[in-house]
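A.B. asks: Those protein sequence lines, which keep their order, are chains V and L. Each residue of the first sequence is one higher than the one before, counting from 1 in the working numbering. Each residue of the second sequence is one higher than the one before, counting from 1 in the working numbering.
Honestly, the hints are just simulated from the structure, not real lab data. Do not rely on the hints blindly, as some may be mistaken.
Claimed, not checked - Which chain L residues face chain V? A few, computed with CB under 10 angstroms, are given here:
| no. | residue |
| --- | --- |
| 1 | E13 |
| 2 | L26 |
| 3 | H51 |
| 4 | V55 |
| 5 | V74 |
| 6 | D102 |
Glycine included, C-beta positions come from ideal geometry on N, C-alpha and C.
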Amino acid sequence: MAATRRNILTDTTARKNYIQGVTLLKQEFLGPTTADLQIPGPAVPVSTYDLFVVWHHYAMGTFTPQTQGDRNAAHRGPVFLPWHRFMLILLELQLQRVLNDADAGIPYWDWAADGEAAPADQDDSAVWNDDCMGGQGSPITTGPFAFDANDPAGWRVRVTADVQGELVQANRGLRRGFGQNVAGLPTQADVAAALNLNEYDRSPWSTQSPGFRNRVEGWRPLAGAPGLHNRVHVWVGGDMLPSSSPNDPVFYLNHCNEDRIWAAWQDTFPNSPYLPDQTASAELRGHRIDDDMYSLLTNPVTPRQMLDPSDFYSYDDLQVS
Amino acid sequence: MKREELSLGAAPESIVQRLTEGGAELPTQDHGHGHGGGQMESVREATYRGHHIVVRTTYQLEVDGMPIEGHMGVTNDGQVHYHAVPNLSFASAVDMVKKLIDTFPEDFQAGGHTEAGRHTHTHGQGS
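Extracted from the complex, chain L is given alone in its bound form (with noise of 0.2 angstroms):
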């Protein structure tokens, strides 16, 4: 690719016109894959001499009674990730969980929040 191909689309102007004129898809900020009341479903499908296999798990994760619902998955060697930490898988959903309460450590204060809170927080430290 020449530089001069990229460069008009990388100036200021472009990628404001883009992002204010609706050129840029954004992928709804959904729960991905979730189903609701914390619900998740994970669908895994392989081949085996001739035969279809599907598989569908379905997690209900928590903490202190707060539903986590971003998007989860397994993968067919059984290990399960989780959207919000993309750069690692577990052998076990409890570990992840784990590490997701040392990660996200403003989303588990004073025993959770609520959901019109999580919509709105500003996660901050000082002005």
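One chain only, chain V, in its complex shape (with noise of 0.2 angstroms):
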């Protein structure tokens, strides 16, 4: 069976899966601690969803090639899309083991729609209602994901990246502030600028490449950066700034609906291919087609093998601007 991802404002059930989901997978001790994963101070157990936090920020500290400072082993590069598909089909694959459900798919949010709103009304969405995902505050204190002083079981980071770059334990609420550093949300007409460009990816495989991949990632246009992929994260604030970005289930909305726009885009452009390829430098390894990409939790798979994923699931629609 494989699933089918869908819009979290309009599909009760994907909603009401994904929150059960991840408070499951927050709450389940598998047996590794910060110990085993170089986090400083005491050893203390570290959660199944905790771990895909921790996979996130070391491959961000992966640069490739670790003589250069924009690349690294997820982000800036290439590899981006199909590194985070990767991250997305093994969460889903956890989310459907604790639900019992080989069906249940990650929900996407369709921020473009959101960002049609004006600035100041964007957080009026019902994405941030208190039966989706809850508002913003530091800590937020409403919904699913809410702080409680007196509930030591319920949603709190636990590990997070310090000022330093490094991972460090925390004990503390889920942070957000929307707007405080970008006025608006991506609009469908970034999204249709993006779907244009029938490019993939292009020299200097970095964050000033022209093509696709940059422009969804968020890097160009210079003058509209942040854009996309790093607007949401940037517009949503708090826990989605720093590297340990997972640590807010939104997280995983936003890939979603990058993912979606990148199924789009494989769909209008069927004869342009993944680049680069396997004969480019070895400069570029771990963004090549058929590089290992940078895996924490199970053993490494390439962009290739990513660039079909009708096996694992399918978008319920590929209207996305």
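Take each chain as given, in its own frame, and dock them per the hints.
C.D. replies: Next up, the structure:
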């Protein structure tokens, strides 16, 4: 069976399943501790959900190659889209396991639809309602992930990045600050502009590249940066800003929508290949089509293996703009 | 890719084995391209009319005397970026540090913290 990924604002079952699933994963401790993951302080168990936080952080700290400081093993280069598709599939398999539902899919948040509202009204979206992701605050006090000082089993940030870019232990509520760092969400016109680019990526294979990947990631056009993916992280703010951003379940809604945009682009340009191919310089190791992608939780897979995810999931709607 | 190919490795026992028996490669938390004392060097390279250009830029960031030592980079268009706020780039390094103060409030309380404190403290707000 394959999951169908649906809009979190229009599918109640998908929304409830996702909230229940991530809550169960946050409460599941398979055995790994902070010591196993080189996080300073006393060794404490790390939940399955938080293992994904750690994975994302470490991928971001793995420069590809180490002699430069732009591309890393999951961002700022061609592998951005297949790496996050891999991450989301692996989380989705965990959700299906704890929900005992092989068809459960990560829902997407169509943030470009909300971006059509006036910036001052964008925090009124139903995605921030109590029965969805909850609202903003430091910590947030509404919704399923609200902080409760009297409930140690409630949703808490347990592992986070600090200002030095290192993982540290934490024990606090989730933080969001809508629109504090950028005025508004991406719009449907922004998404449409990305879908007009028929080339996946191009030299210098970085944040300065023309092409679809860099536009979706949000580094170009420079005058509009942060764009698309980056803009959503920055607009939500709080825990969506550091490399430990998977701490906020909104992370997966955002990346599911980016993956949906990639799927729509693949549909639109079936003859535009993933680039770079395997003949590219070894300087691009980790980003070429048959290179192993950085993996913390399972054996690595390659970008090529992520180009057709139909055995895992499909989207209910590829009308993205 | 077929579901069966990934499902086996995604099973809980496989994840535990990979994490606790050394299968996963963890990068060292070593402050990226820092050179100690809060110094960070960024190297930009480009080729122009057959000439190879190298621009090395050294930054030394402090807030209230506390060195900021995470990885910082400069892209060829002059934008600066910092590992701890990965979705942003800045035209100004000063603006970048202001954003760090906003994003990591615990790290700047009471005029900063000690080297030992940074590596052992727990970010918390209650039990």
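A.B. asks: For each hint given before, does the structure comply? Return the numbers of the non-compliant ones in rising order.
C.D. replies: 3, 4
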